[in-house]
Amino acid sequence: MKDGSLIALVALGAFHGLNPGMGWLFAVARGLQERSRALVLQSLPAIAAGHAASVFLVAVVVTLTGSVLTSRVVSIAGGIVLVGFGLWRLLSTRHFRWVGMRLTLWQLAGWSFLMSSAHGAGLMLLPILTHGSVTGSHAHGMTGGAGDAVSAAIFVTLVHTMAMLAVAGVIAVVVYEVVGLTILRRAWFNLDRLWAAALIAAGATTLLIAV
Amino acid sequence: MALWKPDPTFYPSPRDAASAPPESLAYVAAFDRAADKPDAIAVLDVDPASGSYGSVVGWTDVPYKGDELHHFGWNACSSALCPYAPHPHIERRYLVVPGLRSSRVYVIDVKDDPVKPAIKKILEPEELAKHAGYSRPHTVHCGPEGLYVSALGGANGDEGPGGIALLDHNSFEVLGRWEVDRGPQYLAYDVWWHIAHDVVVTSEWGTPSMIEDGVDADLLLGRAYGHALHFWDLRKRRHLQRVDLGDEHQMVLELRPAHDPTKTYGFVGVVVSVEDLSASVWVWYREDGSFRVREVITIPAEPAAAEDLPPVIAPFGAVPPLVTDIDLSVDDRFLYVSCWGTGELKRYDVTDPFNPVEAGSVRIGGIVNRTPHPSAPDEPLAGGPQMVEVSRDGERVYVTNSLYGAWDDQFYPDGVGAWMAKVDSGQEFTFDTRFFPSGDDFRGLRVHQTRLQGGDASSDSYCYP
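Chains as they are written, first to last, in full-length UniProt numbering: chain H, 1 to 211; chain R, 1 to 465.
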């Protein structure tokens with residue numbers, strides 16, 4: 001795997017971890033409700049697991065089809081989907097909602113999965129996935145089969161999720177222990193709009209590389 | 001368009017809200033009882049440093065007549081910071097103002113010109129009826145799924161059941177009826193929630209025919225008005241539990257849940273007991289997974305001569321306190337109780353919610369007393385403290401004097417007038433003598449509920465302690 005792609009994978013993970021809407025805020029809220037740091041720490045893996053499942057789904061589909069079809073078709077189609085999805089996210093005013101405040105860890109993971117999917121978290125990895133660099137040497141040879149594709153998808157998901165979990169975890173604990181909730185008012189930049197822009201950029205990059 | 005940073009009037013916790021800057025404007029719903037001219041939102045200057053402090057500085061007339069503007073609310077508030085459906089980049093900029101008599105809903109934009117807000121959208125009664133099956137919209141709360149609007153009546157002439165309509169908080173379209181399973185609930189009035197516990201609470205008044213022509217003495221003595229609380233699952237929209245206060249406790253109205261999101265208790269006011277005309281305040285609380293209620297404040301009727309009383313209560317020889325509104329300070333410390341019949345505003349320290357301690361009282365108006373405001377000591381006042389609104393920091397309490405057109409006329413047959421007063425609530429509990437807009441200041445309209453710029457003690461819910 002190219003260094004650049006790995007860095008991009010980690011950076012996107014960090015970006016997803018940064019977004020309060022992707023889960024760290026929920027972990028903090030749960031901890032505050034019960035006045036328990038343990039609950040904050042307990043919530044994070046569940047949130048990360050849901051996020052990982054969402055990302056993995058896209059990764060496995062793309063790497064699998066990528067090794068069967070020409071990666072160019074996947075790139076162009078994926079790029080168009082991404083730009084479209086980004087524009088929809090940017091213009092849509094409806095907000096994802098599924099649950100309330102009282103959740104089991106399973107429900108929390110489910111919430112995280114749906115939240116990540118609805119925001120196209122996995123799709124954002126498309127430029128890295130379709131660039132062919134992720135699967136590295138495997139993708140170039142005819143030996144590269146479904147098994148390799150799945151292991152590549154697992155690798156991508158793990159790297160991305162670890163980065164996401166690390167950032168979300170640090171923010172959650174620091175907010176819970178030190179900073180306090182006023183950070184929500186001062187520093188909650190509209191990541192939904194930035195997110196939408198990132199989706200569009202990812203789509204454009206995918207298309208650019210493909211064409 | 002969405003904001004880049006959260007609306008600065010959204011607060012994660014009650015503590016953050018209480019330490020926020022004070023309001024400088026207040027919005028008051030005002031209506032013409034005769035329906036000869038349009039109802040309006042009056043804008044009041046509440047900045048003590050301003051030259052026009054205490055006076056009406058702006059008006060927004062609605063285009064129709066006979067709406068009877070009553071309770072209203074913000075399109076968005078602190079609940080937008082809640083973590084499971086966060087959308088903090090929408091703005092608190094629209095007042096959603098229902099007409100209780102007409103079932104029409106006005107959406108009024110206060111952003112561009114806060115002193116003269118503009119009507120952005122009008123939702124016709126047919127839309128509420130068609131999409132939600134309700135009429136007589138009453139209470140508006142900004143919540144997780146949009147705007148929750150309680151409604152007293154059914155659609156198309158049906159008396160009930162009343163319930164909750166959901167409105168989209170961007171487009172203001174009616175999304176539908178909120179209840180999936182209403183269980184035994186039929187009567188509606190107020191709605192609020194323990195948002196961090198996924199619990200909704202509703203209360204009961206009466207159906208349209210039970211209220212629109214005034215209090216019906218037969219229904220009252222027949223104990224037919226609402227006397228129960230309902231608890232719901234906020235997520236599943238299902239009825240969980242009905243808690244009956246006893247049918248002598250008629251009209252269980254304003255719900256004031258603790259603002260602290262870790263708590264699951266709250267206060268509710270009862271207008272009148274048919275046994276002794278007293279009024280009461282109850283606490284609901286959770287024990288072993290179910291909700292219970294306990295009467296914690298009882299305010300007795302005051303003896304009076306029959307000839308001093310309006311016909312509706314003359315046979316009883318006493319003035320009922322008629323607790324028509326209560327309000328809980330954002331720090332959950334003080335509960336304000338308005339006695340619209342006797343003309344008294346009481347303050348209770350409810351640090352221990354099960355043992356309220358009276359911590360102040362002021363008198364103004366009242367059926368018999370007609371107590372004047374200290375700034376106009378020669379002017380007897382009709383009406384009494386009715387809707388109470390408390391500032392975020394808990395230091396200022398605003399009261400208006402009209403209850404509901406037809407009921408005003410019964411209890412104050414010589415005219416209820418129009419006045420608004422402000423009480424400073426600190427160590428002392430006294431009227432601000434610089435603040436007393438009244439009479440012609442309100443153009444002959446009656447004044448009902450107050451909303452404070454940037455939120456107040458009965459508008460926002462918080463997800464973080």
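No wet-lab data here; the hints were simulated from the structure. Built from N, CA and C at the ideal position, the CB exists for glycine as well. Be aware that a few hints might be false.
[Unchecked claim] Here chain R is said to cover these stretches of chain H; the calculated rule only asks that three of the stretch's residues, wherever they fall, bring their Cβ under 8 Å from a Cβ of chain R: (1) 118–130; (2) 148–158.
[Unchecked claim] Listed next, with one range per pair, are the computed distances between beta-carbon atoms: (3) H:L194 with R:R223: 29 to 35 Å; (4) R:G176 with H:L91: 50 to 56 Å; (5) R:S209 with H:R37: 54 to 60 Å; (6) H:M162 with R:R294: 50 to 56 Å.
Status of each hint after checking the structure:
no., hint, result
1, 118–130, "violated (count 0)"
2, 148–158, "violated (count 0)"
3, H:L194 with R:R223: 29 to 35 Å, "violated, 59 Å"
4, R:G176 with H:L91: 50 to 56 Å, "violated, 24 Å"
5, R:S209 with H:R37: 54 to 60 Å, "holds, 56 Å"
6, H:M162 with R:R294: 50 to 56 Å, "holds, 52 Å"
Hint compliance for this structure: hints 1, 2, 3 and 4 are broken, all remaining hints hold.
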